[in-house]
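When you line the sequence shown up against my numbering, it's residues 14 to 136, in that order.
It should be emphasised that the hints constitute simulated quantities derived from the structure, not laboratory data. Mixed in with the good hints there might be a few duds.
[Stated by the list, open to error] Here are the computed lysine-lysine pairs in the DSSO-like style, where the Cα-Cα straight-line distance is at most 30 angstroms: (1) K48 x K130; (2) K48 x K129; (3) K48 x K121.
[Said to hold, decoys possible] Distance windows between CB atoms, simulated: (4) V58 x K121: 33 to 39 angstroms; (5) Q123 x A88: 52 to 58 angstroms; (6) G91 x V66: 33 to 39 angstroms; (7) P84 x D47: 43 to 49 angstroms; (8) S77 x S56: 29 to 35 angstroms.
In this text the structure is predicted, and so the values were computed from the model without any measurement. Where is the CB? At the ideal position from N, CA and C, for every residue including glycine.
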Amino acid sequence: MSALPAILWIIGVACSLLVIAICVLRSHYFNDRDKPVHPVSWSVVGMHFVTLVMVAAPYPIFLSERDSLKPSTLALYGKLGWPSAIVAIAVILAELVLMYLQARRAMKSQVEDTLKKANALGE
């Protein structure tokens with residue numbers, strides 16, 4: 014039970030990094046910049062909320078179980094508390110920013126596609 018907060022936090026951050034990677038890949042930042050960008054899917058939005066819960070859940074679990082932890086484990090969690098919170102906030106904010114940027118690129122892509130179709134019909 015003493016490792017549960019750490020395990021949940023690691024899984025949450027790993028899932029958050031996966032969401033970040035999906036947003037970067039679907040936005041075509043590094044490859045196929047001319048390909049249309051699709052809006053953020055609902056599964057990615059749902060995964061964002063799952064990662065938010067997974068990254069936040071270890072802190073109340075730790076607080077509820079801290080009286081039963083060994084002193085060495087308590088000291089380790091105490092030492093890693095603030096750095097882990099900073100990393101958690103950073104990855105969640107990165108998810109939000111990249112989802113926003115993907116949505117914005119998708120909107121521009123959709124406008125460009127509509128204009129291309131209108132120009133093709135006009136010719």
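Right, here's what the structure says about each hint:
1. With a C-alpha separation of about 15 angstroms, the suggested pairing of K48 with K130 holds against the 30 angstroms cut-off.
2. A threshold of 30 angstroms between alpha carbons decides the hint, and for K48 with K129 the separation of about 14 angstroms falls inside it, so the pair holds.
3. With a C-alpha separation of about 12 angstroms, the suggested pair K48 and K121 falls inside the 30 angstroms cut-off, and the hint holds.
4. Distance hint check: the CB atoms of V58 and K121 are about 20 angstroms apart, inconsistent with the given range 33 to 39 angstroms.
5. Roughly 53 angstroms separates the CB atoms of Q123 and A88, a value that falls within the hinted 52 to 58 angstroms.
6. Taken as a hint, the range 33 to 39 angstroms is violated for the pair G91 and V66, whose Cβ atoms sit roughly 23 angstroms apart.
7. At about 59 angstroms, the beta-carbon gap between P84 and D47 misses the expected band of 43 to 49 angstroms.
8. At about 31 angstroms, the beta-carbon gap between S77 and S56 stays in the expected band of 29 to 35 angstroms.
The earlier numbered hints that this structure contradicts are 4, 6 and 7.
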